[in-house]
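First residue of the first sequence: 1, per full-length UniProt numbering; consecutive thereafter.
Calculated directly from the structure, the hints in this document are not laboratory data.
Check each hint, because a few of them may be wrong.
[Said to hold, decoys possible] Derived pair list, reagent style DSBU-like, types lysine-lysine, alpha-carbon separation capped at 30 Å:
| # | residue 1 | residue 2 |
| --- | --- | --- |
| 1 | Lys454 | Lys430 |
| 2 | Lys36 | Lys242 |
| 3 | Lys191 | Lys127 |
| 4 | Lys234 | Lys145 |
| 5 | Lys115 | Lys534 |
| 6 | Lys138 | Lys30 |
| 7 | Lys461 | Lys323 |
| 8 | Lys442 | Lys530 |
| 9 | Lys534 | Lys138 |
| 10 | Lys234 | Lys247 |
| 11 | Lys30 | Lys67 |
| 12 | Lys242 | Lys522 |
| 13 | Lys275 | Lys242 |
| 14 | Lys400 | Lys530 |
| 15 | Lys182 | Lys257 |
| 16 | Lys403 | Lys469 |
| 17 | Lys36 | Lys90 |
| 18 | Lys216 | Lys242 |
| 19 | Lys242 | Lys331 |
| 20 | Lys234 | Lys119 |
| 21 | Lys145 | Lys216 |
| 22 | Lys523 | Lys534 |
| 23 | Lys530 | Lys138 |
| 24 | Lys426 | Lys457 |
| 25 | Lys461 | Lys475 |
| 26 | Lys165 | Lys71 |
| 27 | Lys457 | Lys403 |
| 28 | Lys403 | Lys366 |
| 29 | Lys71 | Lys90 |
| 30 | Lys117 | Lys14 |
| 31 | Lys469 | Lys442 |
| 32 | Lys71 | Lys53 |
| 33 | Lys90 | Lys138 |
| 34 | Lys200 | Lys426 |
| 35 | Lys14 | Lys191 |
| 36 | Lys523 | Lys230 |
| 37 | Lys349 | Lys259 |
From a predicted model like this one, the values you see are computed outputs, not experimental measurements.
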Amino acid sequence: CFSSSIKWKFLEHKGPVFAPPYEPLPENVKFYYDGKVMKLSTKAEEVATFFAKMLDHEYTTKEIFRKNFFKDWRKEMTPEEKSTITNLSKCDFTHMSQYFKAQTEARKQMSKEEKQKIKDENERLLKEYGYCVMDNHKERIANFKIEPPGLFRGRGNHPKMGMLKRRIMPEDIIINCSKDSKIPPPPPGHKWKEVRHDNKVTWLVSWTENIQGSIKYIMLNPSSRIKGEKDWQKYETARRLKKCVDKIRNQYREDWKSKEMKVRQRAVALYFIDKLALRAGNEKEEGETADTVGCCSLRVEHIKLHPELDGQEYVVEFDFLGKDSIRYYNKVPVEKRVFKNLQLFMENKQPEDDLFDRLNTSILNKHLQDLMEGLTAKVFRTYNASITLQQQLKELTNRKSSKILSYNRANRAVAILCNHQRAPPKTFEKSMMNLQSKIDAKKEQLADARRELKSAKADAKVRRDEKSKKSVESKKKAVQRIEEQLMKLEVQATDREENKQIALSTSKLNYLDPRISVAWCKKWGIPIEKIYNKTQREKFAWAIDMAEEDFEF
DNA sequence: AATTGGACTTAGAAAAAGCGGA
DNA sequence: TCCGCTTTTTCTAAGTCCAATT
1 CFSSSIKWKF
11 LEHKGPVFAP
21 PYEPLPENVK
31 FYYDGKVMKL
41 STKAEEVATF
51 FAKMLDHEYT
61 TKEIFRKNFF
71 KDWRKEMTPE
81 EKSTITNLSK
91 CDFTHMSQYF
101 KAQTEARKQM
111 SKEEKQKIKD
121 ENERLLKEYG
131 YCVMDNHKER
141 IANFKIEPPG
151 LFRGRGNHPK
161 MGMLKRRIMP
171 EDIIINCSKD
181 SKIPPPPPGH
191 KWKEVRHDNK
201 VTWLVSWTEN
211 IQGSIKYIML
221 NPSSRIKGEK
231 DWQKYETARR
241 LKKCVDKIRN
251 QYREDWKSKE
261 MKVRQRAVAL
271 YFIDKLALRA
281 GNEKEEGETA
291 DTVGCCSLRV
301 EHIKLHPELD
311 GQEYVVEFDF
321 LGKDSIRYYN
331 KVPVEKRVFK
341 NLQLFMENKQ
351 PEDDLFDRLN
361 TSILNKHLQD
371 LMEGLTAKVF
381 RTYNASITLQ
391 QQLKELTNRK
401 SSKILSYNRA
411 NRAVAILCNH
421 QRAPPKTFEK
431 SMMNLQSKID
441 AKKEQLADAR
451 RELKSAKADA
461 KVRRDEKSKK
471 SVESKKKAVQ
481 RIEEQLMKLE
491 VQATDREENK
501 QIALSTSKLN
511 YLDPRISVAW
521 CKKWGIPIEK
531 IYNKTQREKF
541 AWAIDMAEED
551 FEF
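Turn these sequences into a full structure, and let the hints guide you.
Pasting the structure below:
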């Protein structure tokens with residue numbers, strides 16, 4: 001469709017909200033160098049506060065973080081400061097840190113009225129800057145606030161951690177809106193870098209950040225038409241894959257036997273992407289980011305081949321860091337042909353060599369494009385996630401089951417497939433214990449209620465009057481109620497235990513066709529609110545409107 | 001063919017808000 | 001009403017993929 005690259009006809013917005021200016025510390029808050037009080041210039045002080053605010057964080061103990069921070073901090077110092085402050089270990093930020101902690105505490109202790117005042121102000125800001133008009137619709141903006149300056153916190157072992165993220169000024173900002181809209185004015189005394197009118201893109205504001213030199217954008221909320229349509233399209237592409245996935249699977253199995261090394265590598269990589277839901281794995285610039293990989297960028301050191309392991313033949317052991325430096329660890333029995341191919345690919349290679357040396361994401365995606373229009377590596381993740389949810393829901397839901405537990409288990413199967421992990425909550429053990437003691441208490445309560453019911457029954461047998469009959473009835477109900485409560489608690493405990501290290505929200509938000517969930521809710525008479533919270537219902541409004549009970553992914 | 005730039009989706013951590021029980 | 005925990009929202013980093021450029 002040739003007009004598909006035009007994203008809107010009219011776009012009007014108020015521009016971004018800038019980070020609040022730096023407020024110098026009160027005189028009594030001191031910074032010490034080498035044991036002596038030292039008054040810092042405003043610029044140096046601001047950067048010092050970024051470090052002070054992170055003092056309790058593990059980051060500030062890491063050598064790379066400290067080195068990067070110190071280097072960038074020194075750039076903000078006056079010549080005198082620069083000549084005095086030569087060693088980060090001699091810097092004492094503890095007083096500053098205490099001051100910020102006290103401030104946080106004070107904020108918590110604020111009166112209701114003061115808290116309300118802040119809330120009102122935030123609401124006003126949201127009302128004024130949080131919305132735009134795109135083609136006759138008022139739409140919510142996702143991130144209308146410019147990222148404040150601070151210290152860069154990469155994930156995992158990032159070579160740039162601790163670097164100074166500089167303050168973004170109006171002069172850095174490109175505004176995108178339509179010509180016939182009211183163009184947002186820059187703050188007094190400032191100018192925009194540029195105002196453009198590009199309706200081939202969806203963003204409203206952009207700037208270039210100084211850590212990686214990449215572009216950041218202000219875009220619309222997931223509830224917006226433009227994001228919703230794209231989301232719907234994504235799932236429709238995945239459904240088209242469903243129709244031809246068998247053919248594609250047969251094809252890559254054939255290609256395992258190809259005479260061409262390139263084709264074999266492509267076929268094995270695709271098998272991994274399909275079977276294990278691995279990401280494509282673009283190349284990354286060495287030294288610019290954490291060392292993480294996806295399928296095409298796997299190295300020899302990331303897999304181990306076991307001709308036999310724990311009674312299974314041809315096992316591949318994966319161990320690598322993926323997106324966000326989340327570890328992927330899995331032992332997978334594969335077909336003999338795949339195993340033999342992997343042995344071949346690894347021949348005469350060093351651990352740090354690429355496993356698929358004749359392959360990259362662009363070669364793979366070009367091939368996928370030939371197999372199906374619009375097919376790319378990531379579509380397999382979407383497809384396999386959604387089809388797994390649908391299958392699991394069918395398998396796990398029945399009349400007797402706790403519906404929510406069944407849903408969460410189906411969701412969990414997908415999260416495990418996609419390797420969506422989280423750090424176990426700091427309070428996990430404690431909260432589990434609390435829940436267990438609640439269950440124990442409930443059990444006792446149930447025993448008591450049962451005893452009372454029993455004696456009421458006995459009493460009624462003797463007395464045979466209305467009053468005692470009624471008493472039996474009400475005791476029966478009490479027992480029932482407590483049984484239900486106990487059941488609920490036990491389900492909750494199971495659910496939480498199984499969820500310890502697994503994050504469900506990412507798959508729910510990005511991989512699972514919402515129409516599957518909507519249809520399931522309709523089929524089992526579950527209110528949609530039990531599955532999707534307010535934000536999620538807004539994002540998936542298109543599916544909630546559209547899907548009927550009989551929807552099939 | 002390789003590289004770079006740009007636009008967009010996907011991701012987990014952290015902060016904030018909400019909530020139920022003492 | 002306050003406190004401690006859970007849930008939701010915010011934040012922004014880190015991917016994917018396409019197209020322009022070399």
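So, going through the hints one by one against the coordinates:
1. Among the hinted pairs, Lys454 with Lys430 is inconsistent with the structure: their alpha-carbon atoms are about 36 Å apart, more than 30 Å.
2. Among the hinted pairs, Lys36 with Lys242 is inconsistent with the structure: their alpha-carbon atoms are about 69 Å apart, more than 30 Å.
3. For the given pair, Lys191 sits about 24 Å from Lys127 by alpha-carbon distance, which is consistent with the 30 Å threshold.
4. Between Lys234 and Lys145, the direct Cα distance comes to roughly 28 Å. Compliance with the 30 Å bound is thereby established for this hinted pair.
5. Using a Cα cut-off of 30 Å, the hinted pair Lys115 and Lys534 holds, with the two alpha carbons roughly 24 Å apart.
6. For the proposed pair Lys138 and Lys30, the alpha carbon gap of about 48 Å is over 30 Å, so the pair is violated.
7. Proposed proximity of Lys461 and Lys323 is contradicted: the alpha carbons are some 69 Å apart, above 30 Å.
8. Between Lys442 and Lys530, the direct Cα distance comes to roughly 24 Å. Compliance with the 30 Å bound is thereby established for this hinted pair.
9. A C-alpha spacing of about 19 Å is found between Lys534 and Lys138, which places the hinted pair at or below 30 Å, so the restraint holds.
10. For the hint pairing Lys234 with Lys247, the CA-to-CA distance comes to about 21 Å; that is within 30 Å, so the pair holds.
11. In summary, the hint linking Lys30 to Lys67 is supported, as the alpha carbons are separated by about 23 Å, within the 30 Å threshold.
12. At roughly 23 Å between alpha-carbon atoms, Lys242 and Lys522 fall within 30 Å of each other, so this suggested pair holds.
13. Of the pairs offered as hints, the one joining Lys275 and Lys242 holds, with about 14 Å between alpha carbons and a cut-off of 30 Å not exceeded.
14. For the hint linking Lys400 to Lys530, the alpha-carbon distance of about 18 Å falls within 30 Å, and the restraint holds.
15. Under the criterion of a C-alpha separation no larger than 30 Å, the hint pairing Lys182 with Lys257 is inconsistent with the structure, at around 62 Å.
16. The suggested pairing of Lys403 with Lys469 is violated, with an alpha-carbon distance near 35 Å, which exceeds 30 Å.
17. Between Lys36 and Lys90 the CA atoms are separated by roughly 10 Å; this keeps the pair inside 30 Å, and the hint holds.
18. For the suggested pair Lys216 and Lys242, the alpha carbons sit about 34 Å apart, so the restraint of at most 30 Å is broken.
19. Restraint check for Lys242 and Lys331: satisfied, since their Cα atoms lie roughly 26 Å apart, inside the 30 Å limit.
20. Pair hint Lys234 plus Lys119 does not hold up; C-alpha atoms about 37 Å apart against a cutoff of 30 Å.
21. Of the supplied pair hints, the one linking Lys145 and Lys216 holds, its CA atoms being roughly 12 Å apart against a limit of 30 Å.
22. Straight-line distance between C-alpha atoms of Lys523 and Lys534 comes to about 21 Å, which keeps the hinted pair within the 30 Å bound.
23. Restraint check for Lys530 and Lys138: the C-alpha separation of about 28 Å stays at or below 30 Å, so the hint holds.
24. A threshold of 30 Å between alpha carbons decides the hint, and for Lys426 with Lys457 the separation of about 48 Å lies outside it, so the pair is violated.
25. A C-alpha spacing of about 15 Å is found between Lys461 and Lys475, which places the hinted pair at or below 30 Å, so the restraint holds.
26. Between Lys165 and Lys71, the direct Cα distance comes to roughly 13 Å. Compliance with the 30 Å bound is thereby established for this hinted pair.
27. For the given pair, Lys457 sits about 34 Å from Lys403 by alpha-carbon distance, which is inconsistent with the 30 Å threshold.
28. For the proposed pair Lys403 and Lys366, the alpha carbon gap of about 42 Å is over 30 Å, so the pair is violated.
29. Using a Cα cut-off of 30 Å, the hinted pair Lys71 and Lys90 holds, with the two alpha carbons roughly 15 Å apart.
30. With a CA separation close to 23 Å, the supplied pair Lys117 and Lys14 stays within the 30 Å bound.
31. Pair hint Lys469 plus Lys442 holds up; C-alpha atoms about 26 Å apart against a cutoff of 30 Å.
32. Under the criterion of a C-alpha separation no larger than 30 Å, the hint pairing Lys71 with Lys53 is consistent with the structure, at around 18 Å.
33. Annotation: proposed proximity of Lys90 to Lys138 is violated, straight-line Cα distance about 54 Å (limit 30 Å).
34. Proximity of Lys200 to Lys426 is assessed by CA-CA distance (about 45 Å); at most 30 Å being required, the pair is judged violated.
35. Among the hinted pairs, Lys14 with Lys191 is consistent with the structure: their alpha-carbon atoms are about 15 Å apart, no more than 30 Å.
36. As the CA atoms of Lys523 and Lys230 are separated by approximately 27 Å, the hinted pair is consistent with the 30 Å bound.
37. Proposed proximity of Lys349 and Lys259 is supported: the alpha carbons are some 20 Å apart, at most 30 Å.
This entry does not satisfy hints 1, 2, 6, 7, 15, 16, 18, 20, 24, 27, 28, 33 and 34, going by the numbered hints stated previously.
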